[in-house]
Amino acid sequence: MKFGLTMVMIVLIPLVGCKKETSNTLKATSESTEQILAVKTAKKTEENKYGDYNNDDFVETYDETTATKITLKDAGSTIDGSGVSEKNNTISITAGGTYILTGNYKGQIKINANNETVHLVLKDVSISNDSASAIYVEQAKKVITTLAEGSKNSLSDGTDYVFASADQTEPDATFFSKDDLTINGTGTLEIIGNYSNGIRSKDDLIITNGTINVTAKNNALKGKDSISIAEGIFSLKTVEGDGMQANNSTDVNKGWIAIDGGTFTIQSGNDGIQAETNLSIAKADINIQTAKGYDDQSIDTTASYKGLKASGNIIIDDGSFDLNTADDSIHANAAVTINDGTFSLASVDDGIHANTDLLINKGKINVNHSYEGLEGSTVTINDGDISVQSTDDGINAANGSSGESGQDGQFGADSFGGPNEGGKPGAGGDSTKFIEIHGGTVYVNADGDGIDSNGDVRMTAGTLIVNGPTDNGNGALDYDGTFSMEGGVFAASGSSGMAMSVSDSSSQPALSLYFDESNKAGTLINLKNSSGKTILSFAPAKEFSHVTISSPDLKVGETVTLSTGGQDTGTEKNGLYSNSNYSKGTELAKITIEDTLTSVDQSGAKVNGSQMGGGPGGQPPR
Numbered sequence: 257m258k259f260g261l262t263m264v265m266i267v268l269i270p271l272v273g274c275k276k277e278t279s280n281t282l283k284a285t286s287e288s289t290e291q292i293l294a295v296k297t298a299k300k301t302e303e304n305k306y307g308d309y310n311n312d313d314f315v316e317t318y319d320e321t322t323a324t325k326i327t328l329k330d331a332g333s334t335i336d337g338s339g340v341s342e343k344n345n346t347i348s349i350t351a352g353g354t355y356i357l358t359g360n361y362k363g364q365i366k367i368n369a370n371n372e373t374v375h376l377v378l379k380d381v382s383i384s385n386d387s388a389s390a391i392y393v394e395q396a397k398k399v400i401t402t403l404a405e406g407s408k409n410s411l412s413d414g415t416d417y418v419f420a421s422a423d424q425t426e427p428d429a430t431f432f433s434k435d436d437l438t439i440n441g442t443g444t445l446e447i448i449g450n451y452s453n454g455i456r457s458k459d460d461l462i463i464t465n466g467t468i469n470v471t472a473k474n475n476a477l478k479g480k481d482s483i484s485i486a487e488g489i490f491s492l493k494t495v496e497g498d499g500m501q502a503n504n505s506t507d508v509n510k511g512w513i514a515i516d517g518g519t520f521t522i523q524s525g526n527d528g529i530q531a532e533t534n535l536s537i538a539k540a541d542i543n544i545q546t547a548k549g550y551d552d553q554s555i556d557t558t559a560s561y562k563g564l565k566a567s568g569n570i571i572i573d574d575g576s577f578d579l580n581t582a583d584d585s586i587h588a589n590a591a592v593t594i595n596d597g598t599f600s601l602a603s604v605d606d607g608i609h610a611n612t613d614l615l616i617n618k619g620k621i622n623v624n625h626s627y628e629g630l631e632g633s634t635v636t637i638n639d640g641d642i643s644v645q646s647t648d649d650g651i652n653a654a655n656g657s658s659g660e661s662g663q664d665g666q667f668g669a670d671s672f673g674g675p676n677e678g679g680k681p682g683a684g685g686d687s688t689k690f691i692e693i694h695g696g697t698v699y700v701n702a703d704g705d706g707i708d709s710n711g712d713v714r715m716t717a718g719t720l721i722v723n724g725p726t727d728n729g730n731g732a733l734d735y736d737g738t739f740s741m742e743g744g745v746f747a748a749s750g751s752s753g754m755a756m757s758v759s760d761s762s763s764q765p766a767l768s769l770y771f772d773e774s775n776k777a778g779t780l781i782n783l784k785n786s787s788g789k790t791i792l793s794f795a796p797a798k799e800f801s802h803v804t805i806s807s808p809d810l811k812v813g814e815t816v817t818l819s820t821g822g823q824d825t826g827t828e829k830n831g832l833y834s835n836s837n838y839s840k841g842t843e844l845a846k847i848t849i850e851d852t853l854t855s856v857d858q859s860g861a862k863v864n865g866s867q868m869g870g871g872p873g874g875q876p877p878r
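Just so we're aligned, residue 257 is where the sequence shown starts under our numbering, counting upward by one.
Don't take each hint at face value.
[Unchecked claim] Straight line, CA to CA, 20 Å or less: simulated EDC-like cross-link-like pairs of lysine to aspartate or glutamate:
| hint | residue 1 | residue 2 |
| --- | --- | --- |
| 1 | 397 | 481 |
| 2 | 789 | 828 |
| 3 | 784 | 843 |
| 4 | 408 | 446 |
| 5 | 397 | 316 |
| 6 | 784 | 850 |
| 7 | 366 | 330 |
These aren't lab readings, by the way, just hints derived from the structure by calculation.
The structure displayed is predicted, hence computed values, not measured ones.
With the hints as constraints, model all of the structure from the sequences given.
As structure tokens, then:
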């Protein structure tokens, strides 16, 4: 027996030791998991470029064993845990911690947790409140709302709120928070804002994940101090407000919107996305329609229906943007910078408007309908594939203003004036206004002036094709200073009544051609050098009586052959042919390029008075 007991003790000792080791292992594993989670959330924070996030904004996990569980029921909810109570159809959360909500409820979730953080987990929740917000954060350090994986959650309010006194106006949203509010998780949140706003934070609104669908009478998403969005799928619909708005106008460091990712479908009664200060987009897929879109003739022209709007700067790094707007598609009261992305813009007024500088570094931009296409005090294009269709000026550099209202091309009166504002022969140039093209492909089809600058135009590289007006009241080119042509390919066609060419101070030669009568749209213009190689083959999209051509292959002292009509089997883009194979045309003239600017009629006879000694110019006397 003694031997047997000894053996038992020998066996038990290792077993006890093993249990202790397992406990330590579990603890280490738990700590390791927390460390891994911390690293992952920190990485997510670092990966996002413009938004202001904390690590806890990305934490979508929760411990069900320590959380307070609330099963919502109209007849009396079940509460398992502390920090919460129920009275008169109101669930009151009064302490920090994690709260898991499930079930249906007619009433309100009210949070008053002093300066503590509340983690609210919505797990298949439906809350409706006919007389107030469905969720009301009265006080907390921060509320993090997690949409549980696979869950479908809905919040709705009524058309009228009941306030304690007549001077109260808040809360005014289905999900209303006086303090910082974060939404994350992989579930779905459906918001119906019958009274006013859908989701509103009076501090910072942060969304890092989730599928969020909001239909609201006023604004769908509203954060007073800021809105930061890292990721998510959004459907935002408003009757009379903005799809997304940050509205703090008293602090220059607030009132901004930052979008680092996400997919957005916005149908708004007013602006699509509106920031009181700056709007910054790292990358996003955004589809916006404001009012009834670019062909809406019933809008109130004192209101704003812009797609992307900021009172400060707008910067866009990348993404896909399909904007159909009853006002400017992209509008900043300061600068607009586009670094890349794909843009399809249709606007009643401007495609892209900057009160100060418009800078395009790259991207595919199609302004398929506008009053004026690209507009800024300065317009600089470094690269990109850009196409502009406009009923007035295609690209315009002039004095900026907010452009909030006006009836000149619906909103044009406040955006640099109406038709024909800008450069006029002999008016003198404003050196602070300019259009510069340093690369890329730019195509303009304008009923007004194609390129219009109150100051200078400078081109050093790239391709610029302009189909200007058919009437003699505007020109394919209109500038007050000089047009310095230093490189690239340039072809501009239009009427001859106010025709201008490049300045004779340019370093790259240009040819200004006047025709006896208008040529039909699609008529080929072909220039060949003395060896028979095509310098340029171009078919304007509209009828024309004047063409300006400049190319690195056009040389001073060389005689070129001008032909019209015929066909070209080369590769065509925007009417310009590459790898030209021109044939069957009618030879009009042989023209000697005598200077940097050569101005002739279709027979090759020199036209006098061109460019007025390299100044702003205008049409030569006929």
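Hint by hint, here is what the structure shows:
1. 397 <-> 481: With Cα atoms ~15 Å apart, residue 397 and residue 481 stay inside 20 Å; holds.
2. 789 <-> 828: holds, 17 Å
3. 784 <-> 843: holds, 10 Å
4. 408 <-> 446: It holds: about 8 Å lies between the C-alpha atoms, which stays within 20 Å.
5. 397 <-> 316: Cα-Cα ~18 Å, so holds.
6. 784 <-> 850: holds, 16 Å
7. 366 <-> 330: holds, 16 Å
Consistency note: the structure conflicts with none of the earlier hints.
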